[in-house]
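Undergrad: Each chain, letter by letter, is given below.
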Amino acid sequence: MIRYVDLFAKWLKDIGLQGFIDHYGWIIPGSQAVHFFGLALLFGVIGLLDLRMMGFLKGLPIRPLTRLIPLAMGGFGVNVVTGFILFAGAPNMFSHNMAFQWKMAFIAVAGVNALVFLVSGLQRRCEELGPNDDVPAGAKVVAAVSMTMWVGVMFWGRMLPFLGNAF
Amino acid sequence: MAFLQWVESLGFSTWVRESGSIWSYPMILFLHTVGLGFLVGPSVAIGLRLLGVGKKLPLGPMSRLYPIMWIGFWINAASGFILLMADATTKLINWDFYVKLVFIAAAIWTQQSLRKRVFAGREVRNHALASSTARVLALVMLLCWMGSITAGRLMAYLGPVSGAPNLTNKF
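In the order they appear, the protein sequences are chains A and B.
If you're matching positions, the first sequence starts at 1 in my numbering and goes up one per residue.
If you're matching positions, the second sequence starts at 1 in my numbering and goes up one per residue.
Hints should not be assumed to be uniformly reliable.
Stated by the list, open to error - Cut-off 20 Å, straight-line C-alpha distance, at most; resulting in silico cross-link-like pairs (SDA-like, lysine to any residue):
| no. | chain 1 | residue 1 | chain 2 | residue 2 |
| --- | --- | --- | --- | --- |
| 1 | B | K56 | A | V109 |
| 2 | A | K58 | B | I68 |
| 3 | B | K55 | A | G59 |
| 4 | A | K13 | A | M1 |
| 5 | A | K58 | B | L59 |
| 6 | A | K140 | A | N97 |
| 7 | B | K55 | A | R63 |
Claimed, not checked - Calculated Cβ distances over 12 Å to all of chain B for the following chain A residues:
| no. | residue |
| --- | --- |
| 8 | A9 |
| 9 | Q18 |
| 10 | L51 |
| 11 | R52 |
| 12 | K58 |
| 13 | P61 |
| 14 | V109 |
| 15 | V112 |
| 16 | N113 |
| 17 | R158 |
If you're looking for bench data, these hints aren't it; they were derived computationally from the structure.
For clarity, every value in this text was computed on a predicted model and none was experimentally measured.
By construction, the Cβ of each residue, glycine as well, lies at the ideal position given by its N, Cα and C atoms.
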């Protein structure tokens, strides 16, 4: 796995992307700022849905909340792009960084968790509920896992310069 | 400046800045990010809803996000205060920090006036569209959050260099 990350890092250098990012000093700080915009959008929508399913925020119907999921995906997309730019600007700082690997693993678990919510039919069952209804236990587990994973993603992201070995 | 030097030389400030412990600077910075998530996240949801996104979401229950946003705000006021203590002589003379503060003050002000105007008033029963004043306020709030996030991130790049020796805070 690490071997492929290294090859990818080398490829980024070879195509000149790293040099391009180095050349324009504003690209990295700009991408970092926009990475936080994406965070706010993703966490704003998903956190709201998670809190509602965990039993806070009763009174909010779930169907309009799940309709906002594309917005969260937009936030995630913004962060994939800005994250890619940050990686490409300094690949060696990330490729062997334990915090980066954990961050990617947490994102993967959050993704699988969201997929389980969709394909298990839990999402459809929640959407049929009224504004004050309790969600099924399975949906509460999905919400708790989602919340833990996304706060965890923030944790590992913030720990990149501190727990890793390459900064 | 003597006062700032005194603040920065306190045992606690020095520990935060230089101990290298995961519980000092890194954890406080993490809390500052979590606070951002809980403050700006719901605020963005409210702002977008008022601008017409997800019109089927009733506005009324969204007022319950305010206590969550205040928790986020106080997490960030406390963690931000500690980060300022640790780097008082550099961060407090950085003009960019005051740009950030102005953006935050404006964002909170719009957020609170939306609370009074939309959530405490008649508009809350209107499930479809917010008034044009509310929409303008929502847009201003979103722009102010973008401004404060950007100014905050740029504090690592603009003005005097802060942080412990050998610590890169550009990430």
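Undergrad: Could you run down the list of hints and mark each one as holding or not?
TA: Structure-based check of each hint:
1. B:K56 to A:V109: Distance ~30 Å between K56 (chain B) and V109 (chain A) Cα, so the pair is violated.
2. A:K58 to B:I68: holds, 14 Å
3. B:K55 to A:G59: At roughly 16 Å apart (the allowed maximum being 20 Å), G59 (chain A) and K55 (chain B) satisfy the hint.
4. A:K13 to A:M1: Given pair K13 (chain A), M1 (chain A) holds - Cα atoms ~19 Å apart, limit 20 Å.
5. A:K58 to B:L59: holds, 13 Å
6. A:K140 to A:N97: violated, 33 Å
7. B:K55 to A:R63: Roughly 12 Å separates the two Cα atoms, so the pair holds.
8. A9: Nearest chain B Cβ is 17 Å from A9 (chain A), so the label holds.
9. Q18: Label holds. Min Cβ-Cβ 16 Å, cutoff 12 Å.
10. L51: violated, 7 Å
11. R52: violated, 9 Å
12. K58: Since the minimum Cβ distance to chain B is about 8 Å, K58 (chain A) lies within 12 Å and the statement is violated.
13. P61: violated, 7 Å
14. V109: holds, 18 Å
15. V112: holds, 21 Å
16. N113: Check passes; 18 Å lies beyond 12 Å.
17. R158: Given that some Cβ of chain B is not farther than 12 Å from that of R158 (chain A), nearest at about 4 Å, it is violated.
Of the numbered hints listed earlier, those contradicted by the structure are 1, 6, 10, 11, 12, 13, 17.
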